[in-house]
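Chemist: Chains as they are written, first to last, in the numbering used here: chain R, 1 to 326; chain S, 1 to 505; chain Y, 1 to 334; chain Z, 1 to 339.
Worth double-checking, as some hints may not be accurate.
Derived coverage of chain Y by chain Z (criterion: at least 3 residues anywhere in the stretch with Cβ under 8 Å from a Cβ of chain Z; other residues may be distant) [as the list claims (entries may be wrong)]:
id: 1; segment: 132-141
id: 2; segment: 182-193
id: 3; segment: 208-218
id: 4; segment: 296-310
In short, the hints are calculated from the structure, not lab data. Computed from a predicted model, the values in this text were never measured in an experiment. Glycine is no exception: its CB is placed at the ideal position from the N, C-alpha and C atoms.
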Amino acid sequence: QGAPESSGTSGGESNDGPKKYAFVFKNTGNPYGEKMLDGFESTIKELGGEVILRSPDQPTAEGQIQIIEQLITQKVDVIAVAGNDPDALEPALKKAKDQGIKVLSVDSAVNAASRDIHVNQANPERIGRVQIEAVSEMIGGEGQIAVLSATSQATNQNTWIEWMKKELEKEDYKDIELVKVAYGDDLRDKSVSETEALLKSYPDLKAIIAPTTVGIAAAGKVLTDKGLEGQIALTGLGLPSEMATYIKSGVSPWMYLWNPIDVGKGAAYAAYELGEGNITGELGEKVDLRDLGEVEVVEDGEGTQIMLGDPFKFDETNIDEWKDVY
Amino acid sequence: MTNEFVLEMKGISKAFPGVKALNDMQFQLKKGEIHALMGENGAGKSTFIKIITGVHQPTEGEMLLVGEKVSFQNPKQAQQHGIAAIYQHVTSYPDLSVTENIFMNHEIRHQVWKTLNWREMHKQARQLLRELGSSLDPKAQMNTLSVAQQQIVEIAKAISTKAKIIIMDEPTAALTARESEELYRITEKLRDEGTSIIFISHRFEDMYRLASRVTVLRDSNYIGTWDVEDISNEKLIVAMVGREINQIFPDKKTSAGETVLEVKNLCKLGEFEDISFSIKSGEILGMTGLVGAGRTEVCQAIFGITAFDKGEILLSGRSIRNKNPQAAMNNGIGYLAEDRLDQGLLVDWSIEKNITLANLSDLSSFTWIHRDKEKRQAKEFGEKVHIKATSIFDSVNSLSGGNQQKVAVAKLLTKELKVILLDEPTKGVDIGAKAAIYEIVQQLAEAGYAVLFVSSEMPEILGMSDRILVLKEGRIAADFVNRGITQEMILEAAMGEEQVQEKSG
Amino acid sequence: MEQKKQTYQPRTLETNLPFSWKRLFFQWEWMLLLILIAVLLLGSYVSPYFLNYPSLRDGTMVFLDKALIVFPMAMIMIMRDIDISVGSTVALSSVVMATLYTSAGLPMEVAIIACLATGAICGLINGLLIVKFKELSAVIVTLGTMILYRGIAYIILEDQAAGGFPEWFGFFGWGYVFGIPFLLIVFAALALLFGIVLHKTTFGRKVFAIGNNPTASRFSGIKVDKVKVIVFMLAGLLAAVTAIFLTSRMGSTRPNIATMYELDIIAMAALGGVSTAGGKGRVLGVVIAVFIIGYLQYGLGLINLPSQIFLIIVGALLILSVAIPKLGGMMKRK
Amino acid sequence: MEIKTENLDLEKKNPLALFYQFRELGLFFFIVILCIGVQLRNPSFLTGENILDMATNTSILVILALGMMIVLITRGIDLSIGAVIALSGMLTAQLVAANPTVNPFLCLLIGTIIGALCGMVIGLLVAKVGLLPIIATLALMNIFRGLTFLVSDGEWVSSYQMSESFVEIATGTFLGLNHLIWIAVIFCLVFFYFLNYTRTGRQIYAVGSNPQSAAVSGIKQGRILFLVYTIMGGLSGLCGVLWVSKFASAQGDTASGYELTVIAACILGGVSIAGGSGKLAGVLLGAILLGILNNALPLLNVSPFWQNGIQGFIILLAVIVNAIVKRRVERIHLLRRAG
Ligand SMILES: Nc1ncnc2c1ncn2[C@@H]1O[C@H](COP(=O)(O)OP(=O)(O)OP(=O)(O)O)[C@@H](O)[C@H]1O
Ligand SMILES: Nc1ncnc2c1ncn2[C@@H]1O[C@H](COP(=O)(O)OP(=O)(O)OP(=O)(O)O)[C@@H](O)[C@H]1O
Ligand SMILES: [Mg+2]
Ligand SMILES: [Mg+2]
């Protein structure tokens with residue numbers, strides 16, 4: 001077994017000129033991702049780096065591996081990636097790290113071995129808990145609720161759902177029953193069928209939590225079409241532009257999301273700091289995120305991460321400002 | 001000047017890439033005549049009629065319809081000028097109904113709604129078929145019909161266009177004597193109604209029976225046109241093949257040996273029942289019957305293509321069961337399929353690869369094919385059956401029907417066989433090639449093969465067989481030793497007494 | 001006797017074709033080669049990182065895994081069939097392998113054998129269904145099994161990933177032998193093997209014969225059903241081989257890997273000159289086509305074109321490459 | 001001289017001809033049994049509301065399956081429809097977003113035209129250039145999908161940007177039935193008429209049944225193929241608008257992979273990939289079966305991880321059961337004929 005000859009001796013150091021920062025998102029045409037890429041791009045440009053934005057056309061790890069290979073060949077300095085799979089990118093990202101490229105994951109983490117640091121859009125525990133708090137308030141602390149998730153293997157979704165379940169164990173929520181976790185696969189038609197099935201299987205359902213942008217929009221549509229506003233509450237994580245109609249009509253009194261542009265920005269600052277060698281991703285380091293404030297590197301499983309604040313609440317009062325932004 | 005000829009073709013030539021299929025062809029068709037077109041396989045007959053019907057465009061020459069110059073860019077135009085054709089290879093729509101096959105592209109529509117008038121079309125289809133002496137169900141799906149029935153539908157289709165000129169390219173090739181008789185009757189009726197008919201056939205009986213004039217083609221060239229009364233059989237053959245054929249059927253030198261193949265009480269539900277016969281080495285057993293009598297089914301059951309329900313097959317006294325054609329061939333049984341285009345040959349392939357296909361294992365070691373051996377074998381067997389082509393790499397597509405059949409025969413000879421089952425081996429084959437095939441068959445018998453010779457043509461059954469088996473509705477109706485047997489005797493057995501009586505009555 | 005000899009004229013059949021430049025050059029493979037050269041030139045023009053040995057070498061590792069299936073797929077297409085379940089077969093074999101290793105605790109070697117067996121069985125099921133239910137056609141059967149096999153993969157692994165393979169397993173996807181990627185060596189060996197089988201052996205001849213005329217092939221003593229089952233099994237088996245390489249590259253697996261692989265594979269075979277109308281195709285053309293599509297994608301990736309542009313370019317390439325000869329033929333006829 | 005000809009005729013009805021009338025029977029029973037099974041497990045299955053939901057959700061599939069049927073009848077296939085749906089949906093949605101007052105009928109028309117243009121490109125490649133449909137549409141699937149991403153530039157159009165009247169297209173009801181159901185019903189009737197009572201409709205079958213013979217009987221094959229792909233494209237374009245209106249959202253990856261569902265509906269319904277045959281009733285049943293599966297699996301509380309597997313299994317089972325029933329019936333008829 002011959003050792004792979006490295007195709008370039010090292011990543012950044014030997015390069016003159018602006019450093020190259022690459023961002024690999026999950027797939028193309030994902031509205032949420034596009035906004036994140038926008039934030040990343042504009043920030044890096046401000047900081048004087050060169051930006052490469054890449055996404056496979058399908059949300060698969062294979063596609064991302066291909067892209068990472070190509071980035072390695074191009075001798076980029078930093079790769080930021082929103083992983084389609086936490087583990088599958090490990091060999092490719094390790095190869096990148098071996099060649100001196102700094103790696104950080106954003107939004108959906110890759111495993112600790114394949115990254116220097118993870119930029120978490122918000123504290124997953126808070127995301128989970130806050131949605132239960134919201135639902136409880138909407139239904140008066142009593143009744144059946146269901147979760148409409150994305151694909152069954154979306155890691156961040158699953159983490160949030162775990163936290164929701166933990167939150168539900170609290171005494172305050174003893175009258176709330178989580179009856180089902182349905183999966184709409186982030187497909188519009190499937191999410192609609194799943195929502196309809198929920199309504200039929202659980203006639204007493206009081207609320208739906210959809211921690212996915214596609215799912216919450218589809219659920220909003222079904223509840224609107226069936227004229228169920230006020231009877232079944234909807235909350236979760238949604239894009240303001242997609243949810244504006246439903247928030248105003250009262251189908252979804254309010255919902256949450258972080259600002260993907262800010263996530264992109266945060267990732268850009270972190271990438272820049274990594275690329276400049278100002279941080280290494282060690283526990284306890286301070287990262288200066290400029291206007292997003294200064295955050296501390298904290299533990300995340302075996303790796304480290306920084307967190308970008310609480311999820312943001314969108315309701316009637318502020319939705320109009322935001323719906324044109326993303 | 002009034003015109004005697006409804007159709008006149010002057011100096012027509014047609015070249016395909018690499019082939020000159022027609023050269024300076026002349027042709028005149030009178031109103032209300034049946035005009036036979038004859039010539040060897042590949043002489044250019046089918047090409048000629050495809051030019052008339054607008055399927056092909058001539059490279060040179062002109063075409064006059066009732067004295068007026070026309071040229072057809074597509075078949076629709078020819079149809080609109082009252083020309084209809086029944087092509088050599090039945091061109092039906094297998095998934096559609098009889099009615100639709102008849103009326104395709106000239107459907108009857110409601111006066112007002114312009115929607116298809118199914119009721120009227122079914123009615124007229126039934127009427128047309130009845131005129132043709134058939135009570136086929138117009139709603140039946142085409143692929144459930146026998147070849148003869150499909151042929152009748154094709155004729156009905158030609159008539160339904162109210163054509164003034166109807167062209168029939170070998171319509172009798174797939175028909176038995178009795179069905180041919182039916183076709184003659186229909187054709188004559190059409191002629192009497194004033195339709196002009198061009199009739200292509202390799203059967204001399206067809207021509208003598210029907211045609212008033214005959215035009216002969218040879219090697220793409222126009223040879224001449226004669227009144228049928230004025231030309232003798234010998235002269236016609238010379239015109240067609242360019243030399244004399246003294247003897248069509250080879251001399252029989254039967255020296256039958258051991259019994260090779262024995263079939264006992266073979267039954268298959270709905271196809272045939274109680275078939276028993278045996279063939280000795282060196283013997284030619286003729287098998288005949290009406291279309292659908294089950295001859296092909298029997299052959300295919302013996303060859304392992306279809307399964308049979310009951311009965312036994314013995315080869316040299318040993319009981320065998322052929323699970324598939326491969327097993328049959330390994331047991332020494334070969335089968336020449338009736339439909340050579342569909343079942344016999346790979347038409348896009350070269351002569352060479354076709355000939356060697358059944359015998360690849362002998363030409364290879366550890367499945368590696370030895371190309372030299374393969375070429376040698378193809379040449380040897382191709383020449384043995386006298387295929388008319390320039391090289392063994394010519395594609396079978398480019399050969400005429402008779403030569404294609406020779407390729408299929410050559411393929412059969414590559415295997416070491418004891419029994420060969422020939423299903424209509426001379427179907428659609430010209431007189432010269434027929435003689436050649438007869439001779440090959442005779443040589444095979446002399447070489448010790450046991451031959452089952454299936455045919456619908458009485459003369460060749462009588463001329464070739466040592467014994468004759470007549471099938472009727474899946475059962476053996478008669479088993480003759482071919483001495484002093486006449487066509488009438490065979491027909492009588494094939495059709496059953498009542499019908500023969502009616503026929504003579 | 002003498003007279004009889006005269007019933008026909010003796011003829012000879014040529015067994016050697018005269019040399020012809022036209023025959024040598026009017027071949028699809030030349031056209032493909034030109035396209036490949038154009039792709040390489042284009043690549044080196046747009047990106048300084050493209051045209052050097054390490055880059056071209058490592059580039060192959062990005063696209064060759066799925067290309068392994070293109071050989072049996074070509075055979076299937078030559079037989080006028082199609083197999084759209086191969087992507088799902090990759091996923092199922094990979095999931096079976098990973099589960100046996102991680103959950104059942106079997107040795108990796110055994111898991112790999114189980115992976116190959118799974119692929120072969122998937123192919124076998126396809127093949128058997130196709131020959132037993134002739135009225136269904138391969139598209140229908142493999143459409144059904146495509147959904148079914150991936151479904152089984154989901155049933156096994158649900159939303160989990162399985163990984164943590166032994167160190168040496170990474171060799172398949174990332175290893176080099178004498179400086180050449182192991183994957184490339186395997187690809188070359190398979191190309192050679194399938195080239196020989198398809199063009200030089202009786203088995204290959206039978207595959208072509210079936211594509212040309214299945215009935216006549218059967219009547220000629222070819223066991224059509226058996227050949228078909230074997231070829232579909234080969235497709236399953238190579239899907240499993242792909243699963244090994246892919247899983248090794250990713251270090252872990254999930255039920256959703258290798259989605260849409262079938263379309264990429266069919267596109268490669270079609271560009272390579274394999275006709276789904278049956279009976280035509282050559283391994284050499286397919287190999288060149290694999291490199292055309294692979295390097296094109298790689299080259300465009302190096303200049304960071306968005307992947308949707310790549311979709312358009314591959315689509316256009318596919319159409320142009322198939323259409324140009326047809327248009328040329330149309331011109332000639334006019 | 002008169003010869004009797006019974007021997008040539010089909011006095012008894014041909015067994016195949018008889019069976020072809022009941023070809024969809026197997027599938028029909030399969031659906032009935034499936035429905036009974038589901039109903040026993042979840043009584044809310046056969047309620048009026050659920051049936052209406054199911055019909056609404058299956059309508060788009062039905063419309064597309066009609067188009068796919070005629071493509072398959074001509075021995076073709078169209079893999080690009082998912083991409084055409086996305087492209088036309090995206091363009092129409094952008095139009096609506098930029099211009100909220102635009103009339104919904106105009107939207108439907110524009111979507112249909114966009115789709116028909118896409119279909120014409122395929123038609124030209126297949127009919128004039130002579131490309132194999134599977135290759136041509138595979139390539140164009142890529143191209144149309146790529147174009148969708150390009151025109152949208154990664155952006156999406158969401159519900160607040162869509163006018164009330166536009167969303168009404170797919171959510172409004174008429175006589176208690178959703179518009180989508182009406183549209184599907186109308187298309188079924190139109191197709192029934194088109195396929196059975198117009199010359200062109202029958203020529204579609206003729207071209208698929210035997211292209212050579214269609215050529216010699218003077219049918220302009222190229223025109224038929226062109227027409228068929230244009231219709232398929234037009235229907236896809238229309239469905240693109242319906243899709244976007246139904247989900248009130250237009251994105252680049254809309255309907256990706258949906259072509260396989262549509263093809264599955266057709267072949268479940270007995271349309272032969274080899275061309276020449278296929279009936280509207282069968283295709284309708286095929287689409288309904290898939291619609292029922294999509295609706296029933298969530299209702300039965302089937303684990304999401306099992307749904308794919310069950311769906312694949314049922315599709316295979318349905319086509320195999322249909323094939324076996326067909327063989328049985330043929331055998332019975334054979335026995336009767338022999339007896
Ligand atoms: N489309 C074609 N392309 C090339 N050559 C052709 C084509 N059609 C016919 N030919 C050639 O033209 C010649 C005449 O063929 P044609 O079919 O007209 O013969 P035919 O007289 O009808 O023979 P048969 O009695 O066997 O039907 C043959 O040599 C044949 O190979
Ligand atoms: N009148 C008919 N009605 C229905 N089916 C028929 C009829 N005639 C023939 N067939 C079909 O043909 C089959 C038997 O014909 P087969 O081809 O075995 O007979 P054959 O004597 O070889 O006739 P041919 O001269 O056409 O080769 C039957 O199984 C049947 O399906
Ligand atoms: Mg001819
Ligand atoms: Mg026969």
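Chemist: Tell me the hint numbers this structure goes against, listed in increasing order.
Modeler: Per hint list: 2 and 3 violated.
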